[in-house]
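*Asks:* So the chains spell out like this:
2 protein chains.
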Amino acid sequence: MTSPILDKVLGFAEQQREQFEADLAELLRIPSISADSKFQGDIRRAADWLVGHFGDLGLQVELIETAGHPIVYAESPPVPGAPVALVYGHYDVQPPDPLDLWISPPFEPTVRDGNMYARGATDDKGQMLTHVKSVQAWLATEKRLPLQIKFLIEGEEEVGSEHLEGFLKENAEKLACDCVVVSDTSQFARGVPAITYGLRGIAYYEIRLTGPNRDLHSGVFGGAVTNPANALSKILAALIDDKGRIQVPGFYDEVIPLTEAERAEFRSLPFDEVAFRKDLEVEALTGEEGFSTLERRWGRPSLDVNGIWGGYQGEGEKTVLPGKAAAKFSFRLVPGQDPEKITTNLRAMLDRLLPPGIKMELVESHRAPGIVFPFGSETMQAAADAIEQGFGHRPVFIREGGSIPIVSTFAEVLRAEVLLLGWGQNDDNLHSPNEKFSLADFHHGIAASAALWERLATVQ
Amino acid sequence: MTSPILDKVLGFAEQQREQFEADLAELLRIPSISADSKFQGDIRRAADWLVGHFGDLGLQVELIETAGHPIVYAESPPVPGAPVALVYGHYDVQPPDPLDLWISPPFEPTVRDGNMYARGATDDKGQMLTHVKSVQAWLATEKRLPLQIKFLIEGEEEVGSEHLEGFLKENAEKLACDCVVVSDTSQFARGVPAITYGLRGIAYYEIRLTGPNRDLHSGVFGGAVTNPANALSKILAALIDDKGRIQVPGFYDEVIPLTEAERAEFRSLPFDEVAFRKDLEVEALTGEEGFSTLERRWGRPSLDVNGIWGGYQGEGEKTVLPGKAAAKFSFRLVPGQDPEKITTNLRAMLDRLLPPGIKMELVESHRAPGIVFPFGSETMQAAADAIEQGFGHRPVFIREGGSIPIVSTFAEVLRAEVLLLGWGQNDDNLHSPNEKFSLADFHHGIAASAALWERLATVQ
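From first to last, the protein sequence lines stand for chains W and U. Here the first sequence is numbered in the numbering used here, starting from 1 and rising by one per residue. Here the second sequence is numbered in the numbering used here, starting from 1 and rising by one per residue.
These are calculated hints, taken from the structure and not from any lab test. Keep in mind that a hint or two might mislead.
Any copy, or any two copies together, can satisfy a pair, since identical chains are not distinguished.
What the hints assert, rightly or not - Derived DSS-like pairs (lysine-lysine); straight-line CA-CA distance at most 30 Å:
1) Lys324 <-> Lys359
2) Lys318 <-> Lys234
3) Lys318 <-> Lys243
4) Lys324 <-> Lys234
5) Lys324 <-> Lys278
6) Lys359 <-> Lys278
7) Lys324 <-> Lys8
8) Lys359 <-> Lys234
9) Lys341 <-> Lys234
10) Lys169 <-> Lys318
11) Lys341 <-> Lys318
Chain W on its own, in the form it takes in the complex (with noise of 0.2 Å):
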């Protein structure tokens, strides 16, 4: 499957391992905490670090400022007949806190086991370092990519990504590519790298019931004055029916299905449910019936109250009618499914729920629909044999129950297919004390990210 010219490319690579562990060692020893204004400096000097680094490889590179961290940017040159991949990554780093849970501290990156360990490791420095590594190897041999490749780096993920949008917004000529790379996600399974092509949207609320003007004592008005507390978990009782169905109506009229391909990919994963369920320590799961947990997990739609509150929360017993009652819940959407139809909707099926006697107040805080790429395109399917060569497994497609905002926006701005291409662990510990990355996913992704940019150079 391999061609001459990506035999050479890898070669590079496989020669410059210790080079490039080095490198990312480096970059890695830069604190570039993004939320403590304290380390405002290390995220610039992570910034000057790519920029050299880039300018290095003879792309063309500018440090952007926004009203927050800076943007790296860089681009190699067109090559006319060939698409543009756009690869997005985050130089920043989450907090490192609890320090002393740390084996080795969180900026002296050392490895132990074949995994090195330092905040950062996985996300985002490693995994976007493989596509930076790629293009080196390719340039070192070739002198030229086989399509232009452009690289946006950003100093905000782990804050919120704020400026992003608004950057993407402006430069949507400059950003203009036919697929955005990202590498910030995990494969499915040790051996069983993965192709995330669809993730979930959300609609997220705060319902705040009131009743009475004050808490009342149950005995004297118990019965007789409408519980906004009652009230609540009648209300949210009724948007969810026993088998799983939400109940809002319309709601499930432009979800776009499982199709039968889709089904079978992840009956094929090697997920464990009993691993699972042992796991949360639960004696069963539910859910929408027909579905497994899989599908529910990433292709159904769901209902969760996240929080819930009212009245006396203390020790022992205080016998009061509360007169406020609130929760927080959220649907998480499938693809084709409109948020703002969806809070329409609710808005209409609220108000005939709401009992006499209460005053309702529903804020809605957050929406974004789901979004999925085509399963299986060509893309997707160049993807998946670069992920094959790099990683000696071909991948596996899956889905994310979650969000990730900026996929969402690159989708729409750019109007680009977004590959998902994550080269971590679910052990990798990101976000959390120990944060590894295994070097052996290291080599690989670099070696799966430049056989990438030839498969794609050939997707019309």
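Based on these hints, arrange chain U on the given structure of chain W.
*Replies:* Okay, now just chain U, sitting in the frame of chain W:
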């Protein structure tokens, strides 16, 4: 309706108005706050004041030590052929905080607009003293009482009457009586005195649900793992239907229904439902279908969620599938219902409602049956006649939606009918700053009490 003897007794009370008010003021000046050990000396001063007072009347009196504050017990000689009445009251008072809201200091009794303002004025020194003063009037004019009267005045009512039940049980013979007279509540409205002949009971629970062993990301797990906050809403909602009927099996089986006479009595009351609703600032009242607001509050069972919590309650949003959720809820019970049987049936129902993947703990924390004394019994009619004489208005018969645990204890331990004869007003600010007692109500109460002894003496 009045007798020559009673005329003399009432005439004496009329002459002694100023002295009786002065005696009340003297007792009110003692800050007998039972909740605060700094006032232990004052508690004892108040008890001693009563001992002295009962002694001056020629009653046989004892100061009885308990593990807490002492009980004052006094009794007049037995009257062969006549029944025995036990007066229950308390000499301890609530703490007066917040002090800065008092117009005159809480322990400097001050008369304004015909009311005596002081902590304890209505709750319970003023009301309790009406029965002491009526006995004084009888003894001053007739040298005898028409029936035997026993006084049981405790010092721990405001801190839960911890030692009273044991004392009652150990001294049931000494305290033996035909009826218990308690003046520690309110009239139905201004100019509408009332006899409270029934109280609701209670069964109070805390339900704790545990799902996964930790809070989960609602994107990654939502829809596949049973959410305990969702489950809690479902369970609480299932306990009561939209017509306000509690769904625990057998819940209504032993309910003693309101009689047509009781319902007619409630309908006749000057209850302003619009004012009631407006005071609570609710647009409508709800409750069990087929019953009025007063019937719902006094004579029908109810279910209130008293507190509920789980997941994220802070600002903004957190996409969490909580590991735990819990609620406190309670049934108000009416006479006939057995709290123990209800708990058994509730547990069976909750076990059926519990969805797979959730563990439940149900903690029962407080239970008391409802209680009702025979509506319009001979004793009640005697009390109604006496109140009509003392207040110039015939009292109405009402119930109370809350529980007064000590009343059930009297009924159970002494097997006596309890007369709840409230002399206070609903705006007397008990437990609040500027507590007061109308001097008119004080003197009317003394007259009603004096008449009560004569009337009760004739009840067989």
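*Asks:* Checking each numbered hint in turn, tell me which of them this model violates, lowest number first.
*Replies:* Violated hint: only 7; rest satisfied.
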